[in-house]
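Protein chains in written order, with numbering that gives the first Met the number 0: chain W, 0 to 288; chain V, 0 to 352.
Hint data in this document are derived by calculation from the structure and do not stem from the laboratory. Some clues are possibly wrong.
Said to hold, decoys possible - Selected chain W positions facing chain V (in silico; Cβ < 8 Å):
#	residue
1	F60
2	R63
3	T127
4	N128
5	P145
6	A150
7	V232
8	G233
9	R234
10	N236
11	F244
12	G247
13	F251
Small disclaimer: the values here were computed from a predicted structure and weren't measured. For every residue, glycine included, the Cβ atom is placed at its ideal position computed from N, Cα and C.
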Amino acid sequence: MGVSAPHAIGASFRAVGPAGAFFIYMAATLVAPTAYLIWSSVNTPAGLGLERYTTVLTDPFYLRGFRNSFGLSLLTALEASAAGALLAGSFAYTLPIRSKRLLLAFSNLATNLGGVSLAFAFIALMGTNGMLTIGLRELFGINLYPGFDVASFAGLNLVYVYHLTPFAFLILLPAFRGIRQQWIEAALTLGATRSQFWRHVGVPVLWPSFLAIFILTFANAFGTYSTAMALTVGRVNLIPLQIGFLFGEAAFDTELADALAVLMIITTSLCIVAYRALSRRTSIWLQNT
Amino acid sequence: MRGNKRTIAILVAGLALGLPLNAKAQQPDPEKARTERKIVSYGQPDDWANWKEIWQVFCAKYSCTHEDTDMTSAEEIAKFKAERNNPAADTAEIGMIWGPVAVREGVTAAYKASGWDKVPDWAKDADGNWVGLYVGVLTFAVNTAIVKNVPRSWADLLKPEYQNSVVISDPRTSGTGVATFLSGTFAAGGDEKNLEPGFKYFAQLYKAGNLKAVGRNLANVQRGEAPITIGYDLQAAVWRDRLKGQVPLEVVVPSDGLFFMPGALMINKWAPHPNLARLFADFVLSDEGQLLFAKGYAHPIRVLAGNLKLPADIEPKPITTIPPEAKYVRDWNAASVLLRDIARRWAQEVLGQ
Numbered sequence: 000m001g002v003s004a005p006h007a008i009g010a011s012f013r014a015v016g017p018a019g020a021f022f023i024y025m026a027a028t029l030v031a032p033t034a035y036l037i038w039s040s041v042n043t044p045a046g047l048g049l050e051r052y053t054t055v056l057t058d059p060f061y062l063r064g065f066r067n068s069f070g071l072s073l074l075t076a077l078e079a080s081a082a083g084a085l086l087a088g089s090f091a092y093t094l095p096i097r098s099k100r101l102l103l104a105f106s107n108l109a110t111n112l113g114g115v116s117l118a119f120a121f122i123a124l125m126g127t128n129g130m131l132t133i134g135l136r137e138l139f140g141i142n143l144y145p146g147f148d149v150a151s152f153a154g155l156n157l158v159y160v161y162h163l164t165p166f167a168f169l170i171l172l173p174a175f176r177g178i179r180q181q182w183i184e185a186a187l188t189l190g191a192t193r194s195q196f197w198r199h200v201g202v203p204v205l206w207p208s209f210l211a212i213f214i215l216t217f218a219n220a221f222g223t224y225s226t227a228m229a230l231t232v233g234r235v236n237l238i239p240l241q242i243g244f245l246f247g248e249a250a251f252d253t254e255l256a257d258a259l260a261v262l263m264i265i266t267t268s269l270c271i272v273a274y275r276a277l278s279r280r281t282s283i284w285l286q287n288t
Numbered sequence: 000m001r002g003n004k005r006t007i008a009i010l011v012a013g014l015a016l017g018l019p020l021n022a023k024a025q026q027p028d029p030e031k032a033r034t035e036r037k038i039v040s041y042g043q044p045d046d047w048a049n050w051k052e053i054w055q056v057f058c059a060k061y062s063c064t065h066e067d068t069d070m071t072s073a074e075e076i077a078k079f080k081a082e083r084n085n086p087a088a089d090t091a092e093i094g095m096i097w098g099p100v101a102v103r104e105g106v107t108a109a110y111k112a113s114g115w116d117k118v119p120d121w122a123k124d125a126d127g128n129w130v131g132l133y134v135g136v137l138t139f140a141v142n143t144a145i146v147k148n149v150p151r152s153w154a155d156l157l158k159p160e161y162q163n164s165v166v167i168s169d170p171r172t173s174g175t176g177v178a179t180f181l182s183g184t185f186a187a188g189g190d191e192k193n194l195e196p197g198f199k200y201f202a203q204l205y206k207a208g209n210l211k212a213v214g215r216n217l218a219n220v221q222r223g224e225a226p227i228t229i230g231y232d233l234q235a236a237v238w239r240d241r242l243k244g245q246v247p248l249e250v251v252v253p254s255d256g257l258f259f260m261p262g263a264l265m266i267n268k269w270a271p272h273p274n275l276a277r278l279f280a281d282f283v284l285s286d287e288g289q290l291l292f293a294k295g296y297a298h299p300i301r302v303l304a305g306n307l308k309l310p311a312d313i314e315p316k317p318i319t320t321i322p323p324e325a326k327y328v329r330d331w332n333a334a335s336v337l338l339r340d341i342a343r344r345w346a347q348e349v350l351g352q
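Bound-form chain V, shown alone (with noise of 0.2 Å):
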């Protein structure tokens, strides 16, 4: 009896003195990150933003292998609740927009990353839970051999030359479609707070028949099946660029409202390398961290807040510069609450269904 009391007691005081370490634990520490060798991620595929390149610098600093595997930010969310007990991710890139709902569903670990202080308020969680790491500005990508008039604007894609050559991704499945979606809206005039504008333009443009329903895709670029496609432009000028010589595509910044979504990182609260996972978080606020995005087409967030420069010489060069008057989401609680609109209303309001 004496010696389970005796045991007990130990159990307790390793518990006291285990509480203030837990806390510390929010720091990474590089030696311990050297025996953790290895780093999981979700979403944050190679061929997206340079995020192979990104990871080969990372893992040849603190000589660890890295994994991925692709996926969207709701299944994302929902791995990494449902792994806790036996978890495999230590990071995933997340679309701002799942951001407040990684929180509500309890699943990141809230960290200020050592570059912290240089991203601006509106692209961060005020506790440290997620961090825009860069932006993607919707654009077009026209194969001008098919389209032989561009167009320019939003407003340009309703008319009837355009008849069943608009791809789009479904904001109900897709990141990609989401952005879309917002950009649509912010173009006629609306915001994250008021959504109306976005339906009644794209049911106008799917009533026009100028949505077609293909995938969006490179395989269906490729086959002449997706003329016009919108999405980011980092992903447009990737598909323009292996295209070269193939199919000739064009990358439209519309000229009625550059519109640009983060993308984010979040740290697994349950990750299985929490040092590598913060030092990786570290890394890509860093200079060197974020100049590896522009090599992707991506905006560093920090060009975008002021706080760093692109070389005058970087290649490749971005599709665009982003002005001060572009648009954007300023309220990422608000945009997360109407996400469940968008998917009943884009059945309903938009298809007719």
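Next up, chain W with everything else stripped away, as it sits in the complex (with noise of 0.2 Å):
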């Protein structure tokens, strides 16, 4: 007995001790730290209550920078996902090797690129002093500014595109290696069409993964934060700017930014519970690859 107990607990430790770690891990860095952003939401000097929700959903103002976040992120989304796509598409069946290295390594380069070094890497190219805009007035007499301005809305929409893309196209290539060339043989043999396949077969097996990919890029725009600062000082309305700003020296509100995070924390986990039910019917069509 006095013998065996220790071994048991090594046992058992053996058993769950590296998922244990790591869940007292996700508690400590993940779960207290949303626990208590959402007490803090709800706290208020008359006890309990939601009037920071209500403030923050009555007030145009945010109403707006949610609009703004929303509407960045869901165009930004849209190109990425699609760029990506026909990305993928080609490298599964177009492109000759030397350009599959050379597209892989890119992607995994600007996928890992990001944040304020993507930003002033932006503001070097196409910013008012940047090298495309004086190459291209010098060289072309084409003036950039003022009708471009990297610092908003169609800057941001650029930057995000350009490191989405590759990110897109990253997630989505298992999917179409999924599509089998023996399916398309055996189409063919049949007497289909390529574009009869794809209409029938290909593009109904990679829909669910287009839809998953496109939701991780809109969640992923949705909660950038530095890029957008660095790229803009500020100049748009998007929410995590805002709840940057009530952290700021004039608005001191960290209460009212923490109901905007619950707000942002709850678009997140929907797009990522919609994300895992489409990549779980996926994964039935690329399960046998």
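The two chains are supplied separately, each in an independent frame; assemble them into the complex guided by the hints.
Quick look at the structure:
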């Protein structure tokens, strides 16, 4: 007995150890801060209440912020996932091997270059004194400014798409690989045309993956703070920026920021739930590949 | 049981004795200060207002070490409050507009330093929760290699020739941004109780396309990305000196209204080194401490009040002298109430969001 007890503990630690450590880590870094945010957003001077949420959701200024955030993210997600799908399609079926290597290398780089450094790269390229701005002006007499401004919604859209297209491409690639060459050959042998194959088999199989990547890129764009802040210095009304300003020097209201943050968490959580459901549907087709 | 009662009686007696001792802890004890050995500050960094030398001289006197973490006034108040059970910092420099907020939040220790009486009334809290140390004048730092026709006034900045050239700090995130906004407001005929002219002026400046969307910092000035920056003279002068030989910077005091804002000191209510903190407050209001600010291009508050004279041979020379008709905020309570307005209305009325 005295010997077996520590042994049992050792065995059960081996069984749950790594997972247990992971859960403790998640509790400390994800669950606890979220719980604190929620608590602090409803903890008003007059007791528990939702008045901060009514403040935010009835204020035209924050509603505009939400509309801008949704609009920018939806547009970005649509562009990035469509471009990502085209890239993945051509990668899987048409590209020569050398271009494939180049595309993969570039995509890995671009997906991992984000945040402030990405914003500064674009300022160096297309800012008022950017290389492209000056090059176009000096060589071709084309003036980017004032028609275009990197510190605007159009600029943000461009930068987000640059960052998220390779991301969408890399995530979509396995799905395209799941459309096996044998399926196409079988369909062709039975008299179908290529476009018929895609319409009746290819696209229906890929559709959930496409929706999933759309949701994922939406959530990614929706939650971006540092790129947007560095690029526009706060000139656009996006909810992540408003959360930052509520921690700033003038309007110091961290509880209102907490309420905005909880609303963002709800939005992105819904995205994750939808993504999970959709990727389960896709995985049925990809299991045996 | 009886033993317990005796313990309680001793504790109560101790508390009763402790009370007057606590009240007396208001005054710093130099002996105790020597055992504290360390002083920690927020928002008093080496490269601002000559804090570096001030800390060096102070710590040489009281054989202490010093640490600073730079942050905004709002963060200072939030940190004092959040850390009250495990306090880290003793003092902080605070924008005076935040003084009343700090008092409302209850994070300050009331202490009237030995130079207290020599600070003008408008620049201190009546109970000693915060006290002004120096003032900075809002100026334009103009890169004359890029801007040939140097702007001389706030009105000049509206001209089309300064398209995409004026760089300011965001009043929503920065103390200098708030000061810039107030400076423009006073120049446009407003004051701390009437911000209307300020919003009109900056909306006009923004719509004209003259405000450039880059960060206001030394790197951007050096790269030529920020042709005209607006900020305190004490910072502009340091930038000018540091960029000597690389970027020709002219520091301009706007002709349509010299406006200044004070920097103030507050002591953490829960300061872990309370004696050093109070001795430090005494030191920065002493003749010696005050003149050290001037070496960092700041204008010592007692020079402004007229009870301390700058030596004729002071180096470096200040950017400007402050005339009696200079504009400044007199009612900090009113200004502090309007802070939230500034943030919101800046987004809506200036940036049109």
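Violating hint indices (sorted, rising): none
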